[in-house]
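J.: The residues making up each chain are set out below.
2 protein chains.
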Amino acid sequence: MQYSQMSTEELQELKKKISEQYKESKSKGLNLNMARGKPATAQLDVSMDMLDVVNSSSDMMAEDGTDCRNYGLLDGLPEAKKLMADMIDTTPEHVIVYGNSSLSVMYDQISRGYSQGYLGNPAWCKLDKVKFLCPVPGYDRHFAITEIFGIEMINIPMTQDGPDMDLVEQYVQNDACVKGIWCVPKYSNPQGYTYSDETVKRFANLKPAAKDFRIFWDNAYAIHHLYEDRQDKILDILSECEKAGNADIVFEFASTSKVCFAGGGIAALAASKNNLEDIKKNLTVQTIGYDKINQLRHVRYFKDLNGLNAHMMKQAALIRPKFEATIKVLEEELSGLGIGSWDTPRGGYFISFDAMEGCAKAIVAKCKEAGVILTNAGATFPYGKDVKDSNIRIAPSFPSIEEMLEAAKIFAICVKLVSIEKILETR
Amino acid sequence: MQYSQMSTEELQELKKKISEQYKESKSKGLNLNMARGKPATAQLDVSMDMLDVVNSSSDMMAEDGTDCRNYGLLDGLPEAKKLMADMIDTTPEHVIVYGNSSLSVMYDQISRGYSQGYLGNPAWCKLDKVKFLCPVPGYDRHFAITEIFGIEMINIPMTQDGPDMDLVEQYVQNDACVKGIWCVPKYSNPQGYTYSDETVKRFANLKPAAKDFRIFWDNAYAIHHLYEDRQDKILDILSECEKAGNADIVFEFASTSKVCFAGGGIAALAASKNNLEDIKKNLTVQTIGYDKINQLRHVRYFKDLNGLNAHMMKQAALIRPKFEATIKVLEEELSGLGIGSWDTPRGGYFISFDAMEGCAKAIVAKCKEAGVILTNAGATFPYGKDVKDSNIRIAPSFPSIEEMLEAAKIFAICVKLVSIEKILETR
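Residue numbers (my numbering), protein chains in the order written: chain S, 267 to 693; chain F, 267 to 693.
Treat the hints with care, as some may be off.
No distinction is drawn between identical chains; accordingly, a pair holds when it is met within one copy or between any pair of copies.
Unchecked claim - Keeping only pairs whose Cα atoms sit at most 27 Å apart, straight-line, the calculated BS3-like set for lysine-lysine is:
| hint | residue 1 | residue 2 |
| --- | --- | --- |
| 1 | Lys651 | Lys546 |
| 2 | Lys546 | Lys654 |
| 3 | Lys509 | Lys477 |
| 4 | Lys281 | Lys547 |
| 5 | Lys547 | Lys395 |
| 6 | Lys292 | Lys539 |
| 7 | Lys281 | Lys395 |
| 8 | Lys539 | Lys688 |
| 9 | Lys547 | Lys397 |
| 10 | Lys289 | Lys348 |
| 11 | Lys467 | Lys397 |
| 12 | Lys294 | Lys594 |
| 13 | Lys499 | Lys283 |
| 14 | Lys546 | Lys634 |
| 15 | Lys294 | Lys675 |
| 16 | Lys547 | Lys634 |
| 17 | Lys569 | Lys281 |
| 18 | Lys547 | Lys627 |
| 19 | Lys477 | Lys546 |
In case anyone wonders, no lab produced these hints; they're calculated from the structure.
Bear in mind that the values here come from a model prediction, so they are computed numbers and not experimental data.
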């Protein structure tokens, strides 16, 4: 029975019972962290052999004869470009290979827009107002970057097919202050949605009011499937944009941080020829080059897309049961109660949970009190402000299955308790 | 005899003879590159064992229990902070360990000043004018960074004790638009000068007109000695600034790019507590963290400062003969002719040569024609403008000794030829 249809007496009775369960959970003194999309130790173990493929007896020459130990090749090893291009379904000539963090590549691109401007357009710091569109719920670290540069963020609701494209088109095509949009197009953070072909095509066919509008296409989970037989596919945004005569409209980002070692991977940016030239003009001032030895390590270990995909299936085997266990608890404990809804992703790193309005913060706080750390409520929205106070991001990767089960049960208890209180409050 | 004291006939005679030598050199079709401070292959070979110390059977935990394979520790492994601190004679609590490039750390700091501002001061992009002092000759990549941010650069002449401090004090203490100065305090690029204790103390005791003035102390060659028995020492700028009540006035930079692998090293920034907190507020938006596996690799391989120093003596054994060979050719071929002067550094990566005024570009061009590539004339000055057209940077590290000898001889021939032409021109 839905909680809202229960009598006040029934709810008070239930509250007593669940409070007991909560008290019991709390007494266990747990310390479980589901806050960040952090790989588990077992996932890191999977990649250990990668540390052997480049050693003191290795040939350190890249395919083009470059000594990977020396300066040179600002934009990356040709074979690393190929690997990263394959990973995101584009071609090597669109790719620059960077250091260990795609987040810092995104920060760099925003920073470049702010201080230099794109392709001869004015630097954003010289403008009165710069706005970004932010599909919500979304990735808190994206929003933190735009916030620190003083860029005004506008919420765009997400659907299962991607951002609300009517709204996106309306803003982008009418407001020249709108300079960009943050997207996680595949297995989105936190909902696990994958943009439909129509959404990708509408992005590619945008007619922006601002010449320097860019889509920030963070393809963070390009190969991060949970299943071998049920995998989302997404159109290649770069070629769609080219087809639409809009080649310069997009920057695509990816990394191997959640493929091999978090923080020990390599990152890539993919873009049009014009954009790459523009970026490299700046990049050559910024650095002599990135760590080519780690690029070589990647290429020698993964070899090609098949190698990457096979590796990701090992990761899936470790992470999938945690997703399934979490979803199972949510289903068993919360289905049909009308106090929350959630998604069942086929990839990525998160489960998105929508509580009753006005309950998210209280649920996260209650979980914390019982030793279960979740991402801060509101974090999935710009400025940390979820006006509905409803969305909670669950990151099941780091704890063990047993811990995750325990944590999910406590989470369900907290959702119940807070929801009952909320319903009683409004009677 | 000095060329300028020779008769026109003598000079014309000499020119004929040297032109023949030049022709002969040219006919060899050489291709020698002395343009950049690039380690030689043999120098890279010295560090190959470093690639074995972190392997698939390694304990991947840092001293504090951090799994180096996962996210975490924004500012670096504690033991990597210690290693980098020891390298530049400071203490770990002053240090952030970054990725592979100190140049990009410097770019970042300029970029942060430009777009965010330091310690609550206005972002430079909001000011009408920002100026930087540039000791000359200096490092072209420093100047390129300030140039790309539209910062006006002011030349400060170098002396054997460091920049002309009277002039530095005059600018810094009277002009609030002066926000920084580029310094390579030890084995300076390109002259190989090391700042005297008095110079360091005068830097530490500056009373800037601008609250957000910073010394950009690029300690690039801290342990890059050419000799075991003759090593320059420099005062620790951070503690001198603290003593002077000026703790926040300096950012210090260093890296291991020319210790182990160029582009495969780690970089560090050292600064006051206030500055570090200010930086980390921004850095946490910019990245989740740097490559801790490479930090671990450094610590396990070098162990401590003794390990670093012992390693650098192996490097010195390889690079010193090239310096000595070059200097020997310069002495044999050019001493007493009054057509050029040079320094004999005890460390670093460069030899600085001052030709007669108005001759540097022509010498570099003539060398190029004969297959010897030097750093562009003017590159050691802001905007690439050496008003005297005199300074040439020689980078002897990359070629073999035999190649370096050959290249130095051709260089001497070109200096002679161009100088004779210059003298004749003015008669």
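J.: Which earlier hints turn out false for this structure, listed by number in ascending order?
T.: Hints 2, 4, 6, 7, 8, 10, 13 and 17 are the ones this structure does not satisfy, whereas the remaining hints hold.
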